[in-house]
Amino acid sequence: MVVPALYGLAALLALAPIAIALGATRHATNVTYGASLIVTLGLGVIGLMSLLGEPVSAVTLPLGLPWLGAHFRIDALSAFFLVVVNLGGAAASLYALGYGRHEEAPGRVLPFYPAYIAAMNLVVLSNDAFSFLVAWEFMSLTSWALVIANHKERENLRAGFVYLVMASLGTLALLLAFGLLAGANGNYVFEAIRASHPAAWLVAVVLILAFIGAGSKAGVVPLHGWLPLAHPAAPSHVSALMSGVMTKVAIYGFIRIVFDLLGPPDWWWSMVVLAIGGVTAAMGVLYALMQNDIKRVLAYSTIENIGIVFAALGLALAFKAEGMMVPAALALTAALLHVFNHSLFKSLLFFGAGAVLHATGERDMDKLGGLIHRMPQTAFVFLAGSVAISALPPLNGFVSEWLTFQAILLSPHLSSWGLKFMVPAVGALLALSAALAAACFVRAFGISFLGRARSPAANKAHETDGFSRAAMFVLAALCLIAGVVPGVFIDALAPVTHALAGASMPHQTGVQWLSIVPIAQSRSSYNGLLVFVFMAVSGGLAAFAIHRLASDRLRRAPAWDCGFPDPSPATQYTASSFAQPIRRVYGTLVFRAREHGEMPPPGSLAPARLTVEVRDPIWDTLYAPLAGFVAFASDRLNILQFLTIRRYLSLVFAALVLLLLVLAIWQ
Amino acid sequence: MAIVREFAFQGAQMLLVLLLSPLLTGFVRKMKARLQRRQGPPLLQPYRDLLRLLRKDVVLAESASWLFRVIPYVVFAATWVAASLVPTFRSGLYFSWTADLIAIIALLGSARFFQALAGLDVGTSFGGIGASREVMIASLAEPAMLMIMFTLALVAGSTQLSTMAAYMLSSEVGLRVSLGLALIAIIMVAIAENARIPVDNPATHLELTMVHEAMVLEYSGRHLALIDLAAELKLLLYLSLIACLFLPWGLVTAEYGPQALAVAVGAYVAKLVGLSFLLAVFETAIAKMRVFRVPEFMGAALMLGLLATLLLFVSGSL
Amino acid sequence: MSFDALSAILLIPAGAAVLLAMLPGYRLTAQLNVLASLLAFLASVSLFFVTPVSGPYLLVDDLNKVFIVLNTFVGFTTAMFSASYIGHEIETGKLTPRFVRFYHAMYQVLMFGMNLSLVANNIGLMWVAIELATLSTVLMVGIYRTHEALEAAWKYFILASVGIGLALFGTILVYMAAQPVVGEGLNAMVWTVLMTKAQHFDPALLDVAFVFLLLGYGTKVGLAPLHAWLPDAHAEGPTPISAVLSGLLLNVALYALLRFKMLLALNPVAIAPGPLMVTMGLISCLFAAFMLYRRRDIKRLFAYSSIEHMGIIVFAFGMGGPLANFAGLLHMTMHSLTKSAIFFTVGNISQVKGTQKIADMGGLTETHPVLGWGLVLGVVAIAGLPPLGIFMSEFLVVTSTFAREPWLAVLLGLGILVALGGLLLRLNAVAFGEPKGPVGPVHASYVPMFAHLAIVFMAGVYLPPALVTGFENVARLLG
Amino acid sequence: MHGLTFDVAHLLAGSLVLVSFMLLYQSRLYALLNIFALHALVLAASVGWQASAQDAPHLYVTAAIALIFKAIIIPVALHRIIVKLGIHRQIENVVGVGLTMLLGIGLVALSMVVMLRVTAGADALAREDLAFALSVVLLGLLMMVTRRNAVSQVIGFMSLENGLVLAATGARGMPLVVEISVAFSVLIAFIVIGIFLFRIRERFDTVDLQALDNFRGERR
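Chains as they are written, first to last, in our numbering: chain A, 1 to 667; chain B, 668 to 985; chain C, 986 to 1464; chain D, 1465 to 1684.
The set of hints was computed from the structure by calculation and includes no laboratory data.
Among the hints, a few may not be true.
Simulated crosslink set (BS3-like; lysine-lysine; CA at most 25 Å straight-line) [as the list claims (entries may be wrong)]:
id, chain 1, residue 1, chain 2, residue 2
1, A, Lys152, C, Lys1342
2, C, Lys1421, C, Lys1182
3, A, Lys152, C, Lys1421
4, C, Lys1342, C, Lys1421
With the rest of the complex left out, here is chain A:
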């Protein structure tokens, strides 16, 4: 199975020069995105087939490190992520068939787009440290090029800079991790690494390094600094790929190293992952609630979901460390399912944001509003995405969240007290972030799509093109399907958990009425299908009955608003005013949020002003000082550029004398 996959990758890579050759014509857009759509679909099918029971297949090409070659392999894990990556890729390509036409400088996007998808696939397929890292860093490189596609804006360049530096930091961490695993004589092939059983301290170090490496790419707090800058800066279909897919590739890296290559770590390391995962989830969504730029909101909510996934992974680690394989499988399934779900609805939401951006030219929610009237279909799918990401039944977001909670509820069986106490706390954090996520997306959807238009641009918005809508509807449909028949997806994940945890959840599709049962019917179960049907039936019944038996008449009138009808849209709640209560409750604590209101003296006609100041604690305490240090050091050292020749000679002289002294003393 791996060989055709590689052909697909070759095709994608070949697409880049073709795109360059075709130049900035509309032709180029169609060819590039059309071809990527086809290839990604093919790759997705390959992934699916190998997930559903194709044997593991591997191949070695005489590329890369000469004495090593480039190893590629498809096993259950990589097959699953192959599906995720290419599903996202296909959706993005379909979307871009329409959206990409509006690109002002396609020459800066088209060549890198297929290469970027190819790179992500390569990461998933590669089976030795070198190819893995090449693909990993190549992924960063291509996405960097896409982030600065609109290079005229200084902000984007800055975003690209921060992004590439952070990405390289992550790569460095992974490099060191593999350096430890491979040893001095360099057995970089994964089989060799798997065979070697490293010492406990080494396992710990590698785990931390892998967490830094993968976490920095996935956007784990506090390594997330680049993400809200870079993801919104790229064209929307690329933002969707970065948020929906690339972060998942990062998670793949973590799983591959920690669960597959590394031996079982001591249990306390899982606490690190758990704690950081929980904090990431809560922080991410709080950040999201403080933003007014809709793409930024989405980027921060990605951080939240990554946090949820890592919390589940930490749980799986804990169970695995204590040899409880079935719960480990449950936690792992929850994580992987959330990976899949998030890739669906996050891409969907970014597509929606892109459609809005194109229709209005605005990313600031305070300048949007009332779009549901002008772009009803986009509004509908965006709503679906919002419900899904807010973990509300009957859509898919809830299922993975529910599984995570089920896994958390198994924590009492853990023997170590640290975990016994930590897991419920993490559970509280997850619950908090779930509730806040709902708030965040009520805000995101409500402010931008509902109410009345807050700007002329929003008033003149128009529905987006067919391709984009098709892509969005496909994803929305998938969100619903994954929500109502989750059993199918859970069963598909069984081989993965078998490979990684040596166990898997009980077979789901056999259960009556297609409900899902993590451990036992008596313990817990959930049936998305029935919930959906019941809601539909009862809602429909109510509607039918009322319209039949009672009145179905309807009059339009100005809004009542407690008797203060206000003609101006400015009197509506804005994004920032909507966030105000939450900012009061959490912001003062986390972001040192301050509100300065200045009232004009009685009689003066000056408007009253309210200024809100929100600080990013992590940026202030981590990133700013680092940048400061580099600036300081380079300033200090830069003096050496401005010495006289005599001084330079003195340097040489000093070096010589020093070495001679060393020699004299050493001998």
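Keeping the supplied structure of chain A fixed, place chains B, C and D upon it in accordance with the hints.
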């Protein structure tokens, strides 16, 4: 044959909650009135209101979208499904495993989600106030509820309401600190979720203090009827939740006889009466608090929930 | 036959130098220059097929074969580039034909010097050759005769000649060490002889000798704190010379160091030269990385990046071991190709913009797409990002080091990371953003630049087995 | 007999170091040149003596080169230059003489320690020679470091070269290659310096290196 009977029970429960909920609200109102030395509206007043509203025209704001008209049905449906999945007089109903406690809470979450959207849809200032405050309160109430659920689930080793109720009935559950804390917490959450005093005042239209009412301000006619009915269902749901988790006595499980059923229904009604009486007393005794005191109130609930969970380990009962 | 190939490498440049010094006319000399370089390159390639016997003065083995081919190849491409570049310099009147004639002659002298020092089998001869090369570059750095050029050349000259002195002293000491064992006379300076007898030499003397050689040749390698001449010499000389300096002369000096390192490695008692080299390499890498952040002159910027990479290479060789040595060789090759390509690009840019000040450039990918993306590609390569060659060597260096000396690897990695940041900032300023400065057409040719980048890309993806075996042999030699 | 040769060689080499100290001490350019001539003279003598001691005739060539180039031509030429530049009365010193002297003594001590310990194997003559040579080299370097004037830097450099020659001759039976190369490089060095001084003359009205150092590419 058995299947049919099971379906019948499920249907019966759905109808029961639907029909009982306005009466419950009416009863609470009556109680409060009496406690305040007022005559108060008749018990059946809520039914009359609903019917009246259903027959009236809907007056829809110009800026309202299709979503605004769909939402009442969604909210009603979600709440009704949730309410009909909570054991009232009989546990282990045929579809009880459709959604466990987590899912029920989440269903209420969806209802709230859409209601908040409705608040924003017309684009008025009051809708905004309501929605933003609602989500703020919910952001604390939901985790608190989940923490309570954790405690109970860890005690009962299940999130299946029927199983939990059965466990609570069984002898092995002793008197526990955690359960006490959980009870207090769940009451606090129930008060907040149902927009009761001191968190919110269902009767008020004093603009700056209202939360739930502000969200539904623009609704009228059948839409308003559905929203109100959903609210009443929610109250019933929480009361019967408390009833089935903390006072499960009289609940019939698998095997039953007619008299057992009668007893069960009677017990259920009795519980409701008792709880709603307590609620009325509580509401009369206490004053509504400022909106930004609410977070502290809910935070306390959350802390209680977390504490309850952690205490479980200390008490070493696992 | 063998004699021809070997001597051709030396005679062609020497003859060409004499010829070019006499011939007038810019076009003819330029073409002749290219032709001579091409012939030298072909001759060096032939070395792979027939290995000449090495005499008492000249020697060809696996180690220097690589260097020679690289040297002549970059020499050839640079000659191509300079042919078009210098033409434009004459048009703009920055150079007079008289100086151009001098320039071409000196170019061949330089090539001769470098080739000689690579094939020399005699430490004295090698020393002479390196000095010859150095002095010829001194003259070319000062060729523009502006204040800055003179100051740069003067600085270069003073520091280089001190380096000369130290290196000579070291050479004498090596002779002193060899003389009791090998006996007086010529033999005591012949590599092939020294290598066989090295284990009997007086270790203490070798230690002192290596200190002097490290500082002497290290000055020319551009190791901090001996680097001071390098940035200015790169910035103020003609761009082709900057390319040759970074791409070749540094390598030649490094080659000399490696030879002596091998000598010490053979001696059991002598201090391992490794730690010294590792320390200096690390210092250079970190220092240069931070220096990148305050650069305003684009050529100085890349000069400092050369220092950084020399640091990495010296570090790798200092670590030793087959993997690290392989990485060092690979990195050296990749660096000279990439860096010279970058200097070709930078030359074109500064000719188009009429300045070397980064502040006066911008939006290059907008105004000159080929040039701009060429620069982006070059910087991406030099910053060690895949799929280009330098990533492979840096991967090998860091991973192989981390297993042995974790903290050194971490430091090195951070150095590379800081350097990446510095380069990226400047790249953003030059290649992206709103276009700035003149947008005239590009005169010099793109061929050499893209030829180099293509090779670097190829190497990053696929290394031909022949090259690999060659490198592995050398790595084994280096111990 | 051998004792005598040794003593003379010792004496000459030692006096070379002494003269280096004089160079360090002397701050007036004019006098400095004369002392440098003396330095070269002593070098020539010691090389000559080495030649006779090792009965290596080719060393006489080196001695001759040293004598003619360094003792006569260069000083004369430099006299010309400084007179032409009108700096022959210039007095300049960066570090105080006392401190310079102390440093010099320290360096000599260092070189003694390093060299004498190292070359235990070689014969006494070579050891002495190398030790002194190293100290001369270091002193020359010190001079370059402590002087600001181009000419005196050049002189410092030359004295450094002298030290190298001394070392080279000290190494018994070292092939002629090296001497030639030394002379050759010094020659080139001299020419280049000459060119540079002239260019400098064209551009600046002083050879004081501060003037050069102002042009440092990127000024802050």
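Verification of the hints:
| no. | hint | in the structure |
| --- | --- | --- |
| 1 | A:Lys152 x C:Lys1342 | holds (21 Å) |
| 2 | C:Lys1421 x C:Lys1182 | violated (62 Å) |
| 3 | A:Lys152 x C:Lys1421 | holds (12 Å) |
| 4 | C:Lys1342 x C:Lys1421 | holds (12 Å) |
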